[in-house]
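Based on the sequences and whatever the hints tell you, model everything.
Going line by line, the protein sequences match chains Z and V.
Anchor point for the first sequence: position 97 equals 97 in my numbering, and the numbering is continuous, going up by one each time.
Offset between the second sequence (1-based) and my numbering: plus 320.
Incorrect hints may appear among the rest.
Taking lysine-lysine pairs in the PhoX-like style, the calculated list, with each CA pair at most 25 Å apart, reads [claimed, not checked]: (1) Z:Lys-99 <-> V:Lys-435; (2) V:Lys-561 <-> Z:Lys-99; (3) V:Lys-395 <-> V:Lys-337.
Some residues of chain Z that are not near chain V, with every Cβ distance over 10 Å (derived) [what the hints assert, rightly or not]: (4) Thr-17; (5) Gln-77; (6) Leu-96; (7) Gly-114; (8) Leu-128; (9) Ala-157; (10) His-262; (11) His-298.
Treat the hints as calculated values from the structure; they're not laboratory data.
For every residue, glycine included, the Cβ atom is placed at its ideal position computed from N, Cα and C.
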Amino acid sequence: MSPEFSTDRGTTPSAITISHVSKTFGAHRAVDDLSLDVPAGSIYGFIGPNGSGKTTTIRMILNIILPDAGDIHVLGQPVRSAARDDIGYLPEERGLYKKMQVRRLLRYYGRLKGRSVAALDPVIDDWLKRLQLGDWADKRIDQLSKGMAQKVQFISAVVARPKLLILDEPFSGLDPVNAESLRDAVLELRKQGTTIVFSTHDMGAAEKLCDRIFMIFKGNKVLDGSLEEIQQRYGHDTIRVRTNGGAAALAGLPEIDSINDHGNYQDVRLKGDPQAFLQRLVQKTGVQQFEITKPSLHDIFVRIARPNAEDLRQQMEAAR
Amino acid sequence: MSRILTIAQSEFLTLVKTKAFIIGIFLMPVLMGLFIFFMSYAERHSDTENRRFAVIDQTGVLYPAVEAASGAYNKQSGPDDARTGPRFLPERIDPAGRPTDDVKVELSEQVRARKLFAFVEIPAVIIDGGPGVSVHYYAENTSYERLPDWLRGVLNEEIAKLRFDRAGVNQALVTKLTARAPLATFGLVERTSDGKVSEAKEVNDLTRVALPMFFIVLMFLSVMTSAQHLLNAIIEEKMSKISEVLLGSVTPFQLLAGKLLGVVGVSLLLALVYFGGGVYAVMSIGRFDLIDPWAMGWFVVFMICASLMFGSIFLALGSACSDLKDAQSMLQPAMVLVLAAYLGSFVVMRAPDSALSVGLSFFPTMTPFVMMLRIVMPPGPPMWQVILAIAILFASTAGLIWAGGRIFRVGLLMQGKAPNLPELVKWIRL
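Spelled out as structure tokens, the structure:
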């Protein structure tokens with residue numbers, strides 16, 4: 001496992017401060033002594049493999065479950081106080097009342113955040129128009145397409161004008177056009193000062209959208225910083241190669257630690273001398289590209305989360 | 321509090337806008353009325369056939385009475401183009417010395433050939449009577465009872481008349497002398513402040529059975545409507561992860577309280593509609609004495625408690641399940657509680673002041689049904705029993721809401737296999 005990585009961010013006010021938080025379910029420690037600081041106004045990526053403690057952390061931020069130890073402050077207040085009225089939440093698994101009309105549903109969610117119908121209606125109209133749902137306000141949810149329902153779910157998270165917005169896989173299942181509409185909406189919200197926690201398995205989207213990225217693995221923080229900072233830390237041993245022989249030409253070269261095959265090119269992580277590797281490669285095949293490159297977030301994620309031999313052995317034993 | 325009211329309002333509107341509820345609350349009484357009207361109409365118009373039947377009268381004296389009575393009966397059924405009943409058309413059979421069995425075989429053939437509907441054999445000794453002596457009625461359609469019933473009445477009346485005549489006794493006098501004295505049931509009388517004796521209230525089947533039944537059925541309808549809705553709603557919210565979004569805005573207790581308040585509102589609406597209908601119905605028959613505001617008040621109190629109590633149980637169990645299939649099996653014990661309270665009421669109705677009835681009045685899940693029943697059935701329970709039952713009911717309702725809230729809080733976020741009873745108890749203690 002890689003060591004924890006974090007940087008000092010100076011005096012930017014925090015939207016979320018998590019201090020030494022732990023949570024255990026039975027014998028399973030879901031979150032282990034986690035500390036995290038999410039700066040206000042940023043888009044903060046939450047990444048981590050399934051079952052790593054991401055959802056538990058989000059639920060603790062939302063005050064849906066309580067930590068066993070440690071403190072959580074949201075928008076400057078202890079999480080158990082009224083801060084939840086300023087938090088919008090879009091869960092990964094979507095759910096809306098199928099028989100409810102769109103407007104009634106959005107009003108309901110907004111009123112649960114303490115907003116009046118009079119204050120909500122203009123916001124609802126604005127969002128419905130912005131996401132091309134203006135004609136669907138009086139339709140029932142079960143009359144909408146999947147993409148439309150997903151956009152309604154997004155509006156339900158933002159209808160109360162939250163200061164902190166937690167989005168769990170907001171773009172999954174959306175076509176590129178709808179995904180772009182939502183992405184624009186997210187960026188617009190950030191521009192207006194909303195802090196956005198963006199939980200995703202889509203490393204490409206995280207790289208493009210997030211100001212900072214936090215990765216949790218087996219309940220522990222393993223990454224925390226800007227993409228550039230993270231890549232600098234992991235970026236000295238990765239070489240992008242494009243050869244006539246493709247991935248097959250790389251087989252058996254002793255300097256290689258791992259290969260991420262992209263088809264037309266391969267990202268290679270080395271454990272030996274790059275010069276020796278290049279010499280051996282040139283002898284073996286024609287080299288079109290040889291470039292020392294920063295690893296993608298995807299590569300870093302896989303490097304951290306890929307089970308090692310010992311983990312696999314333990315998993316197999318447990319399965320037996 | 322405003323969040324609780326928001327949830328309550330949403331629950332209320334969601335339930336009262338469903339087709340099932342609208343049918344249940346408004347159309348059901350209309351449908352029942354239409355059904356009764358249809359049954360009555362069908363009774364009068366479904367059987368207008370000619371029922372031709374043969375009579376082998378071995379007494380030689382009874383047939384004329386049958387013929388005369390059939391004439392009167394047919395006249396009563398109205399003219400041919402507007403009949404409200406069948407035509408009974410008797411036909412006298414003279415065996416003319418042939419063996420009776422041969423005649424019976426021949427008549428049976430005629431019945432099979434649809435020339436006759438039935439035939440009757442009246443033995444000669446029927447007027448004297450005796451063990452084993454009876455009129456024999458033969459038919460292919462033995463489930464048709466109208467003709468044999470009518471014949472039984474006509475023949476018995478004529479036979480009795482003949483027996484009185486033979487004995488030289490005046491039948492009219494005997495009938496007068498043996499007429500049964502009616503017995504009317506009244507409540508107690510008391511002397512009023514001006515020294516007069518108050519008029520006792522007559523108790524009849526309407527006040528003794530129909531009124532208590534009305535309250536109990538309404539209570540059952542209210543509990544079942546609420547419980548079923550709560551169960552479906554919570555399973556939908558849990559399965560589609562709506563509950564997770566809601567818990568990001570309100571506490572589990574606020575969610576539970578809002579839902580319970582919503583179904584209490586629905587129960588009150590039910591009571592309002594049915595009370596309105598009931599008051600209209602008794603006023604239309606001039607029975608203003610049946611309108612009892614105190615009983616209605618008690619009903620509202622018991623109904624609110626029943627909705628909260630059973631609602632908490634159903635919500636807690638529903639929240640612990642991940643799908644409807646799990647919920648159905650888990651809810652069986654809760655359904656037994658509701659059904660026991662409902663069916664137990666019919667036992668209590670037979671003897672509302674028995675030790676069993678008094679004991680059941682203090683069992684929390686039965687109290688709303690049993691105590692309500694005892695209050696509307698004269699003479700009513702002593703006030704101390706009502707107060708004790710209400711105290712136990714309030715405490716139990718509060719306890720069940722608390723326990724339900726604890727289970728609800730944990731259950732809403734749980735996935736997978738439904739918990740067993742020890743696990744539910746563990747959730748309460750968490």
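Evaluated hints:
no.	hint	in the structure
1	Z:Lys-99 <-> V:Lys-435	violated (62 Å)
2	V:Lys-561 <-> Z:Lys-99	holds (16 Å)
3	V:Lys-395 <-> V:Lys-337	violated (53 Å)
4	Thr-17	holds (19 Å)
5	Gln-77	holds (15 Å)
6	Leu-96	violated (7 Å)
7	Gly-114	violated (7 Å)
8	Leu-128	holds (19 Å)
9	Ala-157	violated (8 Å)
10	His-262	holds (35 Å)
11	His-298	holds (27 Å)
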